[in-house]
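*Asks:* Sequence:
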Amino acid sequence: MGIEKITSKIMSEAETVAGSILSEADSGSDAIIAEAREKAEAVVSEARERGAADKVRTVNRREAVAAIDGRKLILARKQEMIAGCFDGAIGQLASMDKEKYVEFLAGIVKSTGSAGGELVFNEKDAAEIGPLLAEKLNRETEGGAFSVSDETESIRGGVLLKNGQVYVSGSIESLVDEVKGELTAEVAKVLFGE
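Going by the UniProt record's numbering, the sequence shown opens with residue 1, and the numbers climb by one from there.
Every clue listed holds true.
Straight-line distance between alpha carbons at most 25 Å, and here's what the computed BS3-like set of lysine-lysine pairs gives:
#, residue 1, residue 2
1, 110, 180
2, 110, 100
3, 110, 124
4, 72, 189
5, 78, 189
6, 98, 162
7, 124, 100
Keep in mind the hints are simulated off the structure, nothing from the lab.
My request is simple: use the sequences and hints to build the entire structure.
*Replies:* This is the structure in structure tokens:
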């Protein structure tokens, strides 16, 4: 029985040591699992925070882009309205009362300092206004030698003065274009209070 006692003692000690090792392993594994859970929760929390921050940045970026696009649309619409005002002015000038229109065109031609040349109009004005303007200029200009040209131009109104191959534009479009740069700010102020 001596061997059995020794064997029993060894077995008992082995069971105690094994139990101790298992107990340590259990508590060690519990600690490892708890630490792993903490790390996982930290990673998930950090990812959520990053996601929330990314979401805020994305929303802010999209709002900024939308604001810029909105300002561009407003600016484009304002530019259309300003262009419409200048286009309306061209229409009003072209449809002036005949007497005033002839007077207006005579002033344009006289401002060139020329004493003669061919007066070029659009098709409508060539027939209706041309003879009246040529007669007025010839009467009021010393040595006046103005005539209505047989050629016409596709202008909305006004007159071109032709001397040989040289044309001096007095078209309403070119006259309005000349003052457009100076008047755009004033027109915007009237339209938009800017």
